[in-house]
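Asker: The lines below spell out each chain.
There are 2 protein chains.
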Amino acid sequence: MEIMQHWLDKRAALSPDDTAIEHPMNGSITFKQLRDQAQSFSRKVAQLGVMPGDAIAIYSNNSIDMVTAIHGLSYIGAVVVLLNTRLSNQEIVYQLTDSNVSFVLTGDDLYENGVEIAQSRQCEVQSFEQVSRLDEKQLSLKKEIALEDTYTIIYTSGTTGFPKGVQHTFGNHWWSAISSALNLGLDPRDKWLASLPLFHVGGFSILMKSVIYGMPVYLLDHFDADKVHQGIVENGVTIVSVVSVMLDRLIDRLGEQTYPEAFKCMLLGGGPAPKVLLEKAKACLVPVYQTYGMTETSSQIVTLSPSDALRKLGSAGKPLFPAQLKIVNQDSVITNDEIGEIFVKGPMVTPGYYQNDEANSKSFHNGWLATGDLGYLDNEGFLYVVDRRKDLIISGGENIYPAEIENVLLGMSGIVEAGVVGKDDEKWGQVPVAFVVKNENSLHESAVIAYCLEKLAKYKTPKHIYFLDALPRNASNKLVRHKLVDLLYKEEE
Amino acid sequence: MEIMQHWLDKRAALSPDDTAIEHPMNGSITFKQLRDQAQSFSRKVAQLGVMPGDAIAIYSNNSIDMVTAIHGLSYIGAVVVLLNTRLSNQEIVYQLTDSNVSFVLTGDDLYENGVEIAQSRQCEVQSFEQVSRLDEKQLSLKKEIALEDTYTIIYTSGTTGFPKGVQHTFGNHWWSAISSALNLGLDPRDKWLASLPLFHVGGFSILMKSVIYGMPVYLLDHFDADKVHQGIVENGVTIVSVVSVMLDRLIDRLGEQTYPEAFKCMLLGGGPAPKVLLEKAKACLVPVYQTYGMTETSSQIVTLSPSDALRKLGSAGKPLFPAQLKIVNQDSVITNDEIGEIFVKGPMVTPGYYQNDEANSKSFHNGWLATGDLGYLDNEGFLYVVDRRKDLIISGGENIYPAEIENVLLGMSGIVEAGVVGKDDEKWGQVPVAFVVKNENSLHESAVIAYCLEKLAKYKTPKHIYFLDALPRNASNKLVRHKLVDLLYKEEE
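Protein sequence lines correspond, in order, to chains B and Z. Heads up: the first sequence at position 240 corresponds to 240 in UniProt numbering, and the numbers run straight through without jumps. Heads up: the second sequence at position 441 corresponds to 441 in UniProt numbering, and the numbers run straight through without jumps.
Some clues are possibly wrong.
Pairs count within a copy or across copies, as identical chains cannot be separated in the list.
What the hints assert, rightly or not - With a straight-line Cα cutoff of 30 Å, these simulated BS3-like cross-link-like pairs (lysine-lysine) come out:
id : residue 1 : residue 2
1  : K478      : K143
2  : K312      : K32
3  : K312      : K143
4  : K143      : K362
5  : K32       : K326
In short, the hints are calculated from the structure, not lab data.
Could you build the full structure based on these sequences and the hints that come with them?
Answerer: Printed below as a string of structure tokens:
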């Protein structure tokens, strides 16, 4: 069992005056200030009766207060349950109950709703502002971190069934940060922009990197193309974590400009990226490193390294140094170019879902995590993620991968977003249908289908095209395909 | 227990065509080539009966063959005992016996002496060239590495008593490499020069960094100021590991020139550095990062980070991120500015000396290693290593630290090397005496003593000055003070 000095204490000892968090509206704080605030927070929240091992929920949008609370709870040894603020109250109460949360700490703007939630769950609630007014309790704070201890629980967005609480140890977060550094390098000039929600692992991992690397985080309350653009062009941001939709908007915002030379990369996660988008980025000289990861892997576990970014456009890259990956089909490991389920293994992979034996026995096999995602490795070992298994459309015995069709649709002039799902069909089992957002009024279903027929096998061509104003996305801006399926059957009612 | 894919397999999968080893005479090999050679070596050496868990000695000076053998043995799961080629046969036989070595693999030029050694120990011996002519055995090589497994045993130069076998797990080497990267950064243009012997941990650690970072090693057979200079100035070397004597020669070789801008640093280890030397480096714009470490800590564990290098000249810096350090005096932890014994803790610290309960119980206390070295922390937490405890001179109840006197001597014009030891004295217990190497013939004892009296308290001033042509140094070029003590008593015979 590896033991280290508490990370924030260590960082504050190594580089006390370096910037920890830079917030375009609220100014900057140093690592020493962050440590002092976090320790003060922990002593105040201890006044409420929070004890080591307690599960404490944080219900907040991105803010320095939220960062302080996340670190503060680690000084007590409490487990941090990070709540997605876009969920319905009912969904949140489910998570609080599932993880035995005794206390909910809220952003000030979410306090009122927090009270409602806490009432249903019969637990206590305090806003960050309320905590700040408490006295500090005399308390000996944790001086060391054991890597095997659980730090966070984050629920997977789980497009089917009930969400599962993914436990992350300190070690998971540590190895994730180290794995990324071994791939992207470590430069004293790095500044990482966080506009992804900190309650998702993709945003949270940036906080861990900040403390472990000694790197400033440029923190935004939420994604805003203008603010991100400004961060890069005026404020020295070198790395931005994005999902496809964000990248698309940023490239539009960039227009004819180019980013400063010091800008290192867009780290693109959150599902397979449309090739069209990657080519658009390439044309605008925007360096994009595609990644593959999930809550269970504490963010990226596969990343396309700088030297291969252009040569292997569309690939998610190779598994990071401490990680292993294999493709499995019917219990056999398969190799080049064959599609199968992606299995991963490594010290950044969760030890398991919280109190969920059924999910654990289904997902873990001899130390390997079965991701449920489909992909293949090319002959050089690069991973191509084909699709999420649960989205697989099977039509007349043929497998259809929605992303492939979406890629084609996005290549059509006049279409700006696309989502494909399977619709039940008496003859074929399922047929693909598409939901699209258009920016040309004159675009009609028949033209879209004709375009697809040119590009795709007939069985892959969507049987219907539905036009929407926007596609349903979750807090990470990932397309939520099951909501499209819901729409499908509502339309028929 | 953390498990990873075998590092060299992983590195060869990630960046097969990148340079692993660059040798100014023998050309370069890529990671893919190194993997293939190492795997072939392991299959050939298995033909000799080498089995997982066997202790196999490597008796070689720096060469690509040696690197191949080091990696090759890891594919079998053998433990590598690294022999210092400058030891007497008697000393080597002691180590072979102590670590139960069954087989000695030698560099081709050392084979003859290897045969002699092996005869005394009654174990087998083969040169790398002999191994290369063997057939490959069908064998399933290790695909994974468990970080808790032992990889190497390196004997401490041990200036008193019998040498102790320091065991290093794969994890020790891993964490050492990661700790260094968190301090020095990771740049795809890095190229690290190894002229320190690979049989010492300071040289060995460069090989581990190479595989883990994907970084080329510029390998020299031994230290040669011209070749190191050429490596930096003409061949893109960015980091060089040195000890004081080497640094001094390199600065002399540099003359009026400056190193290219891409040159990152001299990583200076192997004992406290004279301030005069650090100031000389500063004047020549040579970036020096002073470090503190030992075999037991798998190389550096404390390093002066770039931003503090000039402000804290003479300090060894702060303990690396995953490491902890405390100063202990009479069983109490002491803080600012008080001198005491340096204790360290962290995942790069050896799990213990090989089969040596007495040394282990003496050195390890609740997970902390008592280093036997003396130092203090300043009010900002920077470590200043005062001296090795065993070299402490106690005179009339006053503590005298040889390094302090040596620093003064080295500041005197005409003196190029200096070593101070205690000489038994009826009245005072001990008195300090100095051995110096001069480059001005006219320099006499009286002038040196007069110079010291100006700079030092009377009790610290050497009672005698002995002039030598060279000081006794070990394979790492560290001053071996006990040999000076031997000289002292020989002189009196």
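Asker: Indicate, hint by hint, whether the structure satisfies it.
Answerer: We went through each hint and held it up to the structure:
no.	hint	in the structure
1	K478 <-> K143	neither (38 Å within a copy, 36 Å between copies)
2	K312 <-> K32	between (42 Å within a copy, 20 Å between copies)
3	K312 <-> K143	between (45 Å within a copy, 27 Å between copies)
4	K143 <-> K362	between (37 Å within a copy, 26 Å between copies)
5	K32 <-> K326	between (43 Å within a copy, 20 Å between copies)
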